[in-house]
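Asker: Here's the letter readout for the chains.
Protein chains: 2
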Amino acid sequence: MEFITQNIDLTTGDPEAKRSTIKQYYNATWTLYERLFDTLVSDDIFYKRPQPLRHPLIFYFGHTATFFMNKLLLAGLIEKRVDPHLESIFAIGVDEMSWDDLDDAHYDWPEVENVRNYRNAVNRTVNELIDRMNFSMPISWESPMWPIMMGIEHERIHLETSSVLIRQLALDDVQPSVLFQPNQATGKAPGNCLIHVADGTVKLGKERDHRLYGWDNEYGTSIQQVPEFSASKYLVSNAEYLEFIEDGGYRETRWWTKEGLGWRDYHQAEKPEFWRGEPGAYRLRLMTSEMPLPMSWPVEVCYLEAKAFCNWKSEKTGQPIRMPDEAEYRRLLEIAGLDREHHEQPINANWNLEQGASSVPVDTFRHGDFFDLVGNVWQWNETPIYPFDGFEVHPLYDDFSVPTFDNRHNLIKGGSWISTGNEITLHSRYAFRRHFYQHAGFRYVASDKTVKTNFDVYESDEQVSQYCEFHYGDECFGIANFPKAVAQLALAAMEGRNKNRALDIGCSVGRAAFELSEAFAHVDALDFSARFIQVGSRMQEAGRIRYERTEEGDLVTFQERTLAQLGLNGTYTNIRFMQQDATNMKPEFTNYDLVVAANLIDRLHSPARFLRDIAGRINSGGVLLIASPYTWLEQFTKKENWLGGFKRDGEPVTTLDGLHAELDACFTLADEPVRIPFVIRETANKHQHTLSEATVWIRK
Amino acid sequence: MEFITQNIDLTTGDPEAKRSTIKQYYNATWTLYERLFDTLVSDDIFYKRPQPLRHPLIFYFGHTATFFMNKLLLAGLIEKRVDPHLESIFAIGVDEMSWDDLDDAHYDWPEVENVRNYRNAVNRTVNELIDRMNFSMPISWESPMWPIMMGIEHERIHLETSSVLIRQLALDDVQPSVLFQPNQATGKAPGNCLIHVADGTVKLGKERDHRLYGWDNEYGTSIQQVPEFSASKYLVSNAEYLEFIEDGGYRETRWWTKEGLGWRDYHQAEKPEFWRGEPGAYRLRLMTSEMPLPMSWPVEVCYLEAKAFCNWKSEKTGQPIRMPDEAEYRRLLEIAGLDREHHEQPINANWNLEQGASSVPVDTFRHGDFFDLVGNVWQWNETPIYPFDGFEVHPLYDDFSVPTFDNRHNLIKGGSWISTGNEITLHSRYAFRRHFYQHAGFRYVASDKTVKTNFDVYESDEQVSQYCEFHYGDECFGIANFPKAVAQLALAAMEGRNKNRALDIGCSVGRAAFELSEAFAHVDALDFSARFIQVGSRMQEAGRIRYERTEEGDLVTFQERTLAQLGLNGTYTNIRFMQQDATNMKPEFTNYDLVVAANLIDRLHSPARFLRDIAGRINSGGVLLIASPYTWLEQFTKKENWLGGFKRDGEPVTTLDGLHAELDACFTLADEPVRIPFVIRETANKHQHTLSEATVWIRK
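Those protein sequence lines, which keep their order, are chains D and S.
FYI, the numbering for the first sequence is 0 to 699, going by numbering that gives the first Met the number 0.
FYI, the numbering for the second sequence is 0 to 699, going by numbering that gives the first Met the number 0.
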């Protein structure tokens with residue numbers, strides 16, 4: 000087929016030759032995408048909505064062109080829009096939308112002819128840009144050619160997802176196309192079996208200078224130990240899946256996850272989406288036709304159905320059956336020798352449109368001891384997509400991956416018959432919601448390993464994010480990191496004293512605890528807010544946190560911070576993060592040589608109660624460090640409980656007066672108070688800039 | 000009488016001699032005050048409440064001692080309290096209180112004997128302190144001897160106010176005291192008449208280095224032109240006032256002010272407070288006795304009664320009769336030759352307890368053409384107390400004057416028979432609520448002049464005060480004044496352009512308008528907030544503003560800022576401050592060569608409407624300066640109206656993008672945007688520290 004393409008090496012070669020290769024790849028993609036819509040019987044069909052939660056096809060027809068315009072404008076490579084009106088209509092909408100987004104009243108879809116003309120105009124713009132663009136090799140993230148590659152690969156994704164939508168149209172709405180003819184091979188389904196895989200280590204993630212185009216989620220590193228497991232030789236065929244159905248698979252509740260049940264009941268699902276007809280006479284819907292259910296072809300299901308099948312299979316076999324996780328899948332590729340990019344190593348598989356526009360029998364393409372490790376249909380993984388260590392958002396497309404890092408988008412691997420370009424590279428990481436339909440099926444594994452399904456997501460709570468930045472982020476106005484400065488002041492006061500146990504009370508997201516950890520045998524880090532404590536725990540466990548930082552209005556940037564970046568290279572296993580009320584701590588929190596209470600007292604309901612209580616928890620000769628801006632506010636502390644900042648009997652009482660009144664019985668003030676500045680960044684422009692008065696009290 | 004004292008020169012003389020003089024003055028005051036309470040028949044009377052809105056006498060007995068303790072502690076001159084419990088009970092309470100303060104449940108009054116012992120202990124402390132204190136001459140505000148003087152003069156005030164309370168006790172509750180015997184002189188009241196006073200200029204206020212102790216409100220300057228007027232020869236006597244009563248004075252509504260009517264009706268007043276008995280047989284209550292109403296003595300009334308008398312007198316005479324204002328009163332002293340401190344120039348008058356413990360006939364003490372210009376009874380003025388230019392609060396007693404700068408406390412002048420010390424100095428400025436009772440009466444004047452009765456009070460609204468400080472106050476963190484920086488940027492952009500008319504839209508409290516005023520023929524300064532505009536107007540009119548600045552919790556300091564301090568020495572008559580909605584300005588606000596919109600656009604409901612409108616108000620070649628931190632918040636601007644800070648069609652739109660979209664048709668962006676920092680001080684420790692992006696647009 001004339002549109003079969005190879006991925007392009009972006010790192011080596013002559014720029015002019017590369018320009019020509021890319022231009023060819025671009026035009027092949029563009030044309031192929033338009034030809035996909037030849038399968039619609041008339042222009043009317045463009046306005047049909049094959050899935051109720053997605054736009055009609057006209058949107059996807061225009062969308063890939065508009066995407067080019069948006070990214071090229073954003074990159075500063077072009078200066079004006081081809082058609083602002085259409086480009087407003089055709090922006091965004093890849094993932095599933097909520098009902099609100101789909102109110103038809105919001106859309107006044109244009110004529111197909113207008114969209115064709117629009118596509119042609121965009122196509123001229125992009126071709127001219129490719130022709131005249133100054134660029135050099137290698138083509139990296141920053142290269143002006145990168146957004147061209149981004150637009151191409153984006154269109155290739157839509158080639159596949161639009162082909163799924165076309166498969167969901169009524170049969171009368173579609174017509175055969177010479178470019179998208181199904182494969183005719185059928186036959187008896189082979190009996191499946193589990194093949195043992197030895198344990199091993201896999202390294203996921205690719206280098207920044209990798210030679211192929213990649214989406215942001217592919218970069219970074221994740222090294223994982225994979226215990227031995229066994230995996231099914233074949234993808235699950237329609238025949239194998241039919242056993243599940245005939246055993247009451249869709250009726251029985253116990254095999255379904257809660258999420259799966261919700262989906263099943265809502266959709267009243269009784270069989271896979273593309274199956275037609277009744278039991279005993281099932282037919283399979285292809286892109287433009289139907290055929291009797293080909294028993295040897297892989298079944299196409301969503302993750303939730305595949306999961307129910309695995310649970311049924313577990314029950315039947317007594318083995319722990321599930322889908323592979325991302326590392327296990329990689330391990331399968333490795334033992335089959337498929338762990339290099341296939342363009343360096345031709346792989347026979349039903350993909351890249353090389354075998355026609357449909358599945359083929361599951362025993363057609365052998366890969367080592369297995370079949371269909373890649374191609375035919377995508378293979379659901381148990382793993383929700385998550386960012387690798389070192390993940391960075393590409394600034395031109397900052398909502399490609401991050402919104403899917405929500406533990407609700409599971410990875411699909413291996414590609415289908417229509418997967419091309421980046422989709423069929425070793426490092427690709429596509430993910431969809433678990434109930435989403437693609438040309439996707441599954442293979443199963445037997446393993447005792449519990450799969451990790453809950454990954455850190457980008458902290459988006461505005462207050463928590465502000466504190467992440469405050470503790471672990473950038474300096475503002477040249478003001479040194481505050482929790483670190485407080486910890487340093489505390490450590491200076493501890494000179495020559497016991498350093499067994501320290502308490503950081505009101506630790507927020509925990510920076511000071513890490514700073515104290517190296518000097519103390521044990522550090523307790525307590526806060527009233529579990530949301531804050533979680534950040535500290537995450538940092539302790541993973542050495543990194545991720546959060547959205549507000550820049551202007553609703554615009555955010557995605558931040559990753561690691562302990563290592565901050566010069567914190569310890570193990571930090573001696574820190575215990577825990578949720579506690581500072582005025583009602585459990586008795587076990589005692590015998591401290593140091594207690595740090597930074598920016599705490601003016602946020603307590605009853606600061607005096609805290610001060611009276613804390614004395615009993617500090618060893619004689621121990622240190623209490625209080626730092627506070629004395630910002631008393633009735634929303635936190637009733638006026639009658641303020642330590643200072645009021646007139647009593649007509650005379651001013653400062654908070655320092657109040658601290659003396661509460662502490663002098665048990666403590667000696669070590670020195671003159673010092674004021675430590677801190678800055679909390681609210682937006683790129685707006686900050687709180689505050690002075691926190693630090694006093695060091697020695698326990699008598 | 001042995002307790003007659005003279006005011007002490009605090010600026011010259013030998014320190015040891017001065018120590019001795021002050022100690023003597025202190026002890027005379029202390030003893031005299033205690034002797035006042037000899038007039039109570041028994042200790043039970045200490046617990047009576049002569050005025051329902053004031054504490055029982057026991058409070059006042061303890062209070063003057065506690066005041067010493069509080070001020071000496073605050074000044075760091077002593078280190079511990081004599082009796083924390085009693086000192087909590089005896090703090091504050093000079094001015095009238097609200098009902099809440101007087102809930103008896105809050106007070107568990109101590110035994111009189113305990114209070115006597117307490118007073119003795121305090122007395123020893125103060126005497127010891129005077130003996131051992133290091134001080135040098137002169138004794139200024141900062142001297143450790145100043146709080147001693149403060150405590151003495153404070154006790155002398157209470158000597159007088161307590162004597163009023165004793166006069167309000169039941170006759171059975173009091174007994175004669177050899178120290179407080181009434182004067183026996185009576186007689187027929189002289190006929191009163193008005194005496195002409197030529198116009199003149201008076202200078203009120205005393206210098207910082209004045210030789211006598213003074214309260215904070217006496218310092219500073221106020222120079223006033225006094226047009227000619229005439230003044231009554233005598234204080235209004237009981238006889239003259241009786242005419243008013245007999246003419247239906249208390250029954251007729253039209254002579255009373257609204258405030259006076261409220262008071263009259265609430266108290267069902269039919270005659271002065273100290274008059275007893277029925278018409279035709281009135282008696283006068285003195286401190287410890289009653290007597291037939293002495294017709295020749297000055298009537299004692301509150302301001303509201305005096306005012307009704309004046310209005311009645313106006314009606315009867317056809318002349319504009321009222322009480323003098325503060326300047327007219329000083330003018331009377333000057334023409335009588337009493338405008339020097341009386342300790343330099345002995346003055347015969349019924350004051351300083353020199354004539355006994357009561358009034359004397361109004362024709363007893365002649366002062367020039369008049370009688371009783373000082374002494375006998377206080378003389379109500381029309382002028383509410385207000386701060387002189389250059390007023391500063393004394394840090395040891397910051398609530399002496401400021402709470403009375405509310406236009407509701409009118410000045411009383413001249414002193415009464417029991418006024419002593421600071422009360423009978425030329426510069427003294429005591430003020431009470433207009434319905435308050437003292438040994439006070441009045442003299443009247445005839446004048447066409449309208450008396451100013453509404454003075455700037457300290458701006459206490461937190462937001463307005465923050466903006467006062469932001470525009471006119473101190474630099475924080477070394478960040479230059481923001482409105483000034485914006486004005487300078489605007490003036491730089493105006494180089495070589497017409498500078499006829501400028502508009503500061505969203506001018507807040509107006510600093511930039513003053514900065515622009517010198518370069519432009521006319522400046523309009525508009526803001527949506529009338530509260531902000533008032534500050535700008537006040538600054539324009541008076542060259543000074545006053546506001547409370549929050550320091551910590553509820554603690555504030557009192558700030559005064561002048562244009563002169565800021566190097567702004569123009570006349571500024573070319574500024575027009577006006578309340579206007581930036582998105583709905585009147586047509587007259589047009590033809591500008593410069594429009595400054597600083598920190599405005601992200602606080603408008605509809606910033607785009609403002610931008611579209613403003614273009615039509617700027618002359619071709621004129622400048623539009625927009626400065627904004629782009630802090631978009633839904634509370635101010637619905638998200639659909641944000642200029643930027645959101646994603647449109649999936650791509651980020653910054654506010655700068657939005658400004659271009661709105662302005663490019665009519666304007667050219669002059670330069671790269673610059674970010675101007677600003678700091679808004681919320682407390683001594685907490686600040687907003689923000690960057691405002693400034694863009695300069697030239698009108699096409």
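Warning: the hint list may mix true and false statements.
Residues on chain S that point at chain D, a partial pick, calculated with CB under 7 angstroms [to be verified]:
#1 551
#2 628
#3 688
Calculated Cβ distances over 10 angstroms to all of chain D for the following chain S residues [what the hints assert, rightly or not]:
#4 294
#5 397
#6 398
#7 479
#8 552
#9 577
#10 634
#11 639
#12 669
#13 678
#14 681
Label-pair distances were calculated between CB atoms; the ranges are [as the list claims (entries may be wrong)]:
#15 461(S) - 120(D): 36 to 46 angstroms
#16 656(D) - 618(S): 58 to 68 angstroms
#17 656(D) - 22(S): 22 to 32 angstroms
#18 618(S) - 126(D): 44 to 54 angstroms
Honestly, the hints are just simulated from the structure, not real lab data.
Owing to the predicted nature of the structure, the values given are computational and were not obtained by experimental measurement.
Glycine included, each C-beta is placed from N, C-alpha and C at the ideal position.
Asker: For each hint, tell me whether it holds in the structure or not.
Answerer: Evaluation of the provided hints:
1. The restraint placing residue 551(S) at the interface with chain D holds, with a minimum CB-CB distance near 4 angstroms, inside the 7 angstroms limit.
2. The closest approach between the C-beta of residue 628(S) and any C-beta of chain D is roughly 4 angstroms, which is under the 7 angstroms cut-off, so the hint is satisfied.
3. At about 3 angstroms, the closest approach between the beta carbon of residue 688(S) and any beta carbon in chain D falls short of 7 angstroms, and the interface hint on this residue holds.
4. Every CB of chain D is more than 10 angstroms from the CB of residue 294(S) (nearest about 43 angstroms), matching its label as outside the interface.
5. A Cβ of chain D approaches the Cβ of residue 397(S) within 10 angstroms, the least distance being about 8 angstroms, so the stated non-interface status is violated.
6. With 10 angstroms as the threshold on Cβ separation, the claim that residue 398(S) sits away from chain D is violated: the shortest Cβ distance comes to roughly 7 angstroms.
7. Listed as outside the interface, residue 479(S) is consistent with that label: its C-beta sits roughly 14 angstroms from the nearest C-beta of chain D, beyond the 10 angstroms cut-off.
8. Some Cβ of chain D comes within 10 angstroms of the Cβ of residue 552(S); the nearest lies about 2 angstroms off, and the non-interface call is violated.
9. Distance check on residue 577(S): its Cβ is at least 29 angstroms (rounded) from any Cβ of chain D, clearing the 10 angstroms threshold; non-interface status holds.
10. Against the 10 angstroms criterion, residue 634(S) stays outside the reach of chain D, whose nearest CB is about 13 angstroms from its own CB.
11. A cut-off of 10 angstroms between C-beta atoms confirms that residue 639(S) is not in contact with chain D; the least separation is 12 angstroms.
12. Non-interface status of residue 669(S) relative to chain D is upheld: no Cβ of that chain comes within 10 angstroms, the nearest being about 20 angstroms off.
13. Remark: the non-interface label on residue 678(S) conflicts with the geometry, its nearest Cβ contact in chain D lying 7 angstroms away (cut-off 10 angstroms).
14. The Cβ of residue 681(S) sits about 8 angstroms from the closest Cβ of chain D, inside the 10 angstroms cut-off, so the non-interface label is violated.
15. Checking the proposed 36 to 46 angstroms range against residue 461(S) and residue 120(D) shows it is violated: the Cβ atoms sit about 57 angstroms from each other.
16. Distance hint check for residue 656(D) and residue 618(S): the Cβ-Cβ separation is about 59 angstroms, which falls inside the suggested range of 58 to 68 angstroms.
17. A hinted range of 22 to 32 angstroms for the beta carbons of residue 656(D) and residue 22(S) is consistent with their spacing of about 31 angstroms.
18. The hinted range of 44 to 54 angstroms is satisfied by residue 618(S) and residue 126(D), whose Cβ atoms lie roughly 46 angstroms apart.
When held up to the earlier numbered hints, the structure conflicts with 5, 6, 8, 13, 14 and 15 and fits the remainder.
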